[in-house]
Amino acid sequence: YLDTIGENLSRCLPRVISNISNVDQLLLNRNQNSSHFPNFTSTFGITNFAAGQLFNDAVDAAISQELDVIGTPSGGAYRLSALEQNRLAELMAANEIFEEPMESGDARSLTDFVNLMDIGIRRIIRMAKRIDAFKNLCKDDQIALLKGGCVELMVLRGVMAFDPVKDTWRGPKSYCIKSENVREVKGDVYDEYKKYFHSFEQNLRTNESIMVILSAITLFICERPNVQHKDLISSEQAVYVELLKNYLNSIYDQKRATSAYERLMSNLDDLHRLTERVISIFLHVNPKDVEPLLLEMFDWKR
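First residue of the sequence shown: 1, per full-length UniProt numbering; consecutive thereafter.
Hints in this document: simulated from the structure, not taken from any laboratory.
The C-beta atom is built at its ideal place from N, Cα and C for all residues, glycine as well.
Do not rely on the hints blindly, as some may be mistaken.
[To be verified] Derived DSS-like pairs: lysine-lysine, alpha-carbon spacing no greater than 25 Å straight-line: (1) LYS147 <-> LYS129; (2) LYS139 <-> LYS129; (3) LYS245 <-> LYS230; (4) LYS139 <-> LYS230; (5) LYS194 <-> LYS147; (6) LYS135 <-> LYS147; (7) LYS129 <-> LYS230; (8) LYS147 <-> LYS230; (9) LYS135 <-> LYS230; (10) LYS245 <-> LYS255.
[To be verified] Now the in silico label distances, taken between C-beta atoms and shown as ranges: (11) SER266 <-> ALA89: 24 to 30 Å; (12) HIS198 <-> LYS255: 20 to 26 Å; (13) THR258 <-> ASN136: 30 to 36 Å; (14) ARG256 <-> ARG126: 30 to 36 Å; (15) GLU223 <-> ARG277: 15 to 21 Å; (16) THR206 <-> GLU262: 14 to 20 Å; (17) ASP269 <-> LYS230: 18 to 24 Å; (18) ARG273 <-> GLN85: 30 to 36 Å; (19) ASP132 <-> GLN254: 28 to 34 Å; (20) PRO225 <-> ASP132: 20 to 26 Å; (21) SER259 <-> ARG79: 17 to 23 Å; (22) LYS230 <-> ARG130: 19 to 25 Å.
Turn these sequences into a full structure, and let the hints guide you.
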């Protein structure tokens with residue numbers, strides 16, 4: 001944090017100097033030629049000490065103004081609080097799990113794709129366990145949230161990874177899944193899946209901060225089956241909803257931030273409906289060919 005302040009000061013210093021130059025020159029001229037300011041002290045009631053204090057106050061005000069501008073990206077009127085910045089930093093650090101390399105190889109059959117989810121779900125579990133608000137929940141609620149939300153979180157990961165130019169899903173270290181392979185798996189679901197990706201605004205979908213906050217909102221849904229402490233989980237979700245609003249207000253003007261928020265909430269509503277369709281493809285898989293973790297997550301029996 002101190003390094004950031006130092007960098008900001010070094011960038012804004014020339015403008016700070018420019019902003020206070022008039023005050024500086026005023027004091028200098030007064031000392032050199034008091035005849036230019038015959039009634040300076042009597043008129044304004046300012047002693048030499050007070051004048052020096054005025055100069056210092058001007059410096060502080062100029063620096064504060066410059067730091068406010070620097071701390072507000074892209075013209076947004078809001079600045080995230082220290083607590084909000086820490087929460088966002090925690091989510092970003094948790095999301096680094098998905099940058100770990102994956103084994104190469106194409107997934108072509110339905111079973112291949114379902115078992116590929118085994119890797120994704122394991123990473124989602126590890127990601128969630130890096131979030132303090134999740135770790136502080138009882139074990140039963142942790143399990144309930146993961147079982148109820150893992151597919152939705154996987155779909156959001158797909159939204160972040162989708163490359164509309166190459167029509168692929170990009171993974172870490174050049175790993176990718178070609179859309180034609182997905183199409184072969186289950187065409188009707190694929191079309192809905194891809195339509196959902198395109199429903200996101202490009203600049204929102206590619207903003208990692210926005211997407212990790214959406215993931216946190218999706219993780220903390222108190223209506224999941226078997227959740228015990230609904231009020232606690234609902235309050236945690238409300239924190240991330242507020243974080244999303246404030247983050248949008250920090251990068252956009254109020255009108256744009258409001259429209260972006262409404263669009264993203266609509267995307268989440270559509271996510272719940274799409275997930276039911278995605279889960280339906282599992283009915284076509286033989287449980288004997290599925291990884292044990294998936295059997296547990298979806299309550300399948302061999």
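Against the structure, the hints:
no. : hint                          : result
1   : LYS147 <-> LYS129             : holds (14 Å)
2   : LYS139 <-> LYS129             : holds (11 Å)
3   : LYS245 <-> LYS230             : holds (22 Å)
4   : LYS139 <-> LYS230             : holds (14 Å)
5   : LYS194 <-> LYS147             : holds (24 Å)
6   : LYS135 <-> LYS147             : holds (15 Å)
7   : LYS129 <-> LYS230             : holds (19 Å)
8   : LYS147 <-> LYS230             : holds (16 Å)
9   : LYS135 <-> LYS230             : holds (16 Å)
10  : LYS245 <-> LYS255             : holds (12 Å)
11  : SER266 <-> ALA89: 24 to 30 Å  : holds (27 Å)
12  : HIS198 <-> LYS255: 20 to 26 Å : holds (24 Å)
13  : THR258 <-> ASN136: 30 to 36 Å : holds (32 Å)
14  : ARG256 <-> ARG126: 30 to 36 Å : holds (35 Å)
15  : GLU223 <-> ARG277: 15 to 21 Å : holds (19 Å)
16  : THR206 <-> GLU262: 14 to 20 Å : holds (19 Å)
17  : ASP269 <-> LYS230: 18 to 24 Å : holds (20 Å)
18  : ARG273 <-> GLN85: 30 to 36 Å  : holds (34 Å)
19  : ASP132 <-> GLN254: 28 to 34 Å : holds (31 Å)
20  : PRO225 <-> ASP132: 20 to 26 Å : holds (24 Å)
21  : SER259 <-> ARG79: 17 to 23 Å  : holds (21 Å)
22  : LYS230 <-> ARG130: 19 to 25 Å : holds (23 Å)
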